[in-house]
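Trainee: Whole structure, please, built from the sequences with the hints as guidance.
Here the protein sequences line up with chains A and B, keeping their order.
Position 272, counted from 1, in the first sequence is what my numbering calls 272; the numbers after and before it change by one each time, with no gaps.
Position 32, counted from 1, in the second sequence is what my numbering calls 1032; the numbers after and before it change by one each time, with no gaps.
Because the hints were derived from the structure by calculation, they are not lab data.
Check the hints yourself; a few may be wrong.
Straight-line C-alpha distance at most 25 Å; calculated SDA-like pairs for lysine to any residue [stated by the list, open to error]:
| hint | chain 1 | residue 1 | chain 2 | residue 2 |
| --- | --- | --- | --- | --- |
| 1 | A | Lys-24 | B | Ala-1201 |
| 2 | A | Lys-41 | B | Lys-1067 |
| 3 | B | Lys-1198 | A | Gly-120 |
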Amino acid sequence: METFDVIIVGGGPAGLSAAISAAKRGMRTCVIERGDYPGTKNVMGGVLYTWATDKVVPEFWLEAPLERPVIEQRYGILSGNEILSVAYRDPDWDHPPYNAHTVLRVKFDRWLAKQAESAGAMIITETVVHDLLYQGQEVVGVRTGRQEGDLGAKIVILAEGVNNFVAQKAGLAKPLNAENVAVVVKEIISLTPEKIEDRFCLETNQGATIELFGESTQGMLGTAFIYTNKDSISIGVGVLLHPLIHTKWTPHDLLEAFKAKLYVKRLLQGGETKEYLAHLIPEGGYNAMPRLYRQGVMVVGDTAMFVNAIHREGSNLAMTSGKIAGEVAAEAIHAGDVSEANLRHYEKRVRDSFIIKDLYKFRKTGNFFEENPHLLKLYPEIACNAMKVFFTANETPKKEVYKNMMKMTFKKRSRSELTKDIIHAWRAFQ
Amino acid sequence: MHFLICLKQVPDSSEVRIDPATNTLIREGVPSIINPYDAHALEEAMRLKEKFGGKVTIISMGPPQAKEALRKAMTFGADRAILLSDRMFAGSDSLATAYILTVAIQTINDTDPVDVVLCGKEAIDGDTAQTGPGIAERLGYEQLTYVIKIRDMDQSSITVERKMEDGREVLKAKLPVLITVEKELNDLRYASLPNMMKAAAYEPEVWEAKRLPFDPSQMGLKGSPTSVSRIFAPPAKSGGEILDGLQDPVGTAVNVVEKMFQQNIIMVHPLAKGGR
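Mentor: Next up, the structure:
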C-alpha cells in the first residue's frame, strides 16, 4: 500500500488550500477528488475573498481565472415590486489589494488544483473516499471505491464538503438536518460585458454584487443574490431547508419568482441561461460544528460547518481553515506526533482566528430568525411603505407625513411588539 | 506482444455547437475528452496484454493540451504514452495525420517491433474513419476495420468479428495487423487506484517534428489536400404527419396503407397472387 504524509479528502477551496500549505512544507500530499477534476462538483454563490486567498497563493490575482473585482456591494429588501436598498461602492477595490472577486468555481478550483500540483501535491480525480482506514483505534489512511483502493497516510484532512459522509462514519460529525443546511439554486446567465457594465454602472474591470432579502425568498430565511461575472450574471436564491419544506415552494420556483421581479428582470433582460446549479450550504454555525480533530484526522471547510451565513462568507473560512490544517499537519508529522493531544493545536488556532470568533458571534441569529418568521415578511413591507410615504410629494405637509409613517408602522407592529423585536435582535447578535 | 494505440483528444461532441452565422464549430469552452472509440481500442489492448503478455504504447498527435488525454489514458494501465506535437503538424487532414502517425509508429517499431495497432473506428469530431486504414496502408499491415470481437490470437495471426450492415464477418489475418474498433467490442474498466496514481504522476513523452525522419511536404496544411468548404448543422427532422383516425377509422387505415405502399415501406411480394 502506497503511503503519504497527508491525504486530503476533497478538492475544493478548503482541501486544496490544505494541500498547498502541507506540500509547501515538504509533506508528501495527495488530494482525492470525486469529480472529473476539482471544480466540476463545486458550487458557491460566487464571491471569493482576497485576503484569505492571498494567504494561500500570494498575489493570486496575477494568474487566477477571476471574473470581476467587486467594487460595489448592495444590500436590499424586496416587497412586491418595491425595493429599498443601500449600496457601498469603493472604486479602489478594482486594483490590488482588492477585497473580493466574483469567480466561476469550475475554472477557479481547477486553477487552484494546478497550484497544489505545482507545490508538489498529487491529485487523484474521479475517486470517492468511502471511509478512513484504521489499525486498531489509530487512523492510518483512507479506503477509496477503486480496486486496490487503500492508501496510507499519517494524517487525513477531511474537506469533503457539506456532504460529510466520511466525517460521520468517523464519528466526528452528525448527519445533516434541515435546520442546519440551506439549499441554493443558481443560474449563470450570459450577457455581453457592455450590457453588464451599463446596467451596473461599472468600468470594464469592475464588478458588483447585490443581495436581496424579504420577498426575494418569499420571506423565508435566506437571500437572493446577483453577481456580475465577465460576460455573465450569477443569480441565485438560497434558503434554509427547514422553512422551505413547510411551504409548497420548490427551489426552482423560488428562483423563477425572483427572476420575475421587475427590478431583476430588467437586469437580466436579453440574457440566456447557460448553466443551472444547485448545492447545499452548511449554515448550522457554531452550535452545529462537528468535532474538529482526533488522532490522525482534522476537519476543515464546509465539513466543519465553517460558513458565516450572515456575511455570506464561506470560501475564505474554508481556505483559512485548510491552510491552518495543512500547517498543523506538517508540524505534527515533523514532530512525529499525530496524536489527538497534538492535533488539538488545529482547533486552538481556528478558535483564535476570525473563523470560530465569527461563528460564535452569530451563533444565535439563525434561531432568532427561525423563531421570528415575521421579521423577514413584515419588516420589508413596513420599510418599503414608510419610504414610499417619505418620498411621496403631494399636498400632505411633512409634519403629517412623518406622523403617517409612524402610524402605518405601528398599525402593522405595535410599539411594544416593535420594542420586543429590537431587544430580541440586539440579544441575538450578542 | 507489443500493442500500440492511436488515440485522439476530441471536443466533447455533446457540447459542440455550430455558429449559425459563420458555419464554423464553436470550440471555445468545450471540454476535451478521449475519442470514445479510441478508449475501447485501449481497453482491448489492455485485455490482450493481460491475456498474452507484452506491453501497451499509446501515441497521439495534437497540441500540448492533449497531454491531459494521454494522462487519462494511462489510468488504464498502459506502459508508455507519446504525444506528437509540433506546429508543423497543425492543419493536417486525415491523409497527413495518417502519414505522421505512420512515421512515428515506424520509429517505435525500429526499436520495439509492433504486433497490433489498434485505433477507434473514427473520431467523433470528424467522422471520417480514414486515419486508421491510412496508417495500415502506409505500414503495409493487414487491416481489419469495424471490429466488434477478437475471437482469438496467437504469435502469428488474429481472428476477429467485423460489424457489417447485415451481419458479422469473421476474418483471420497475419500479424502485424491494424484493427479499428467499435464500441461494442468491450466495456471500459474502472481504473485501479495504483494505476490512477501512476497516471497522475506520469509525464507523457513529447516528440517534435525534428525528432523523426519526416517529409515536410506530406504534413500540416501543405500535405493536406482536403479542404473544408462548409460546415453546417443538418436540418432538424420535421415532425411526422398525423392522421386523424376518429372521424373515419376505415378510411384512415386505407390511407395509411396507401402511403406505406407509396413510400416503399411495404410492397407486394412478386409471387403473391392477386396483387393489390
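Trainee: Each of the hints needs a verdict: does it hold here or not?
Mentor: These are the hints, each one checked on the structure:
1. For the proposed pair Lys-24 of chain A and Ala-1201 of chain B, the alpha carbon gap of about 18 Å is at most 25 Å, so the pair holds.
2. The straight-line distance between the Cα atoms of Lys-41 of chain A and Lys-1067 of chain B is roughly 23 Å, inside the 25 Å bound, and the hint therefore holds.
3. At roughly 15 Å between alpha-carbon atoms, Lys-1198 of chain B and Gly-120 of chain A fall within 25 Å of each other, so this suggested pair holds.
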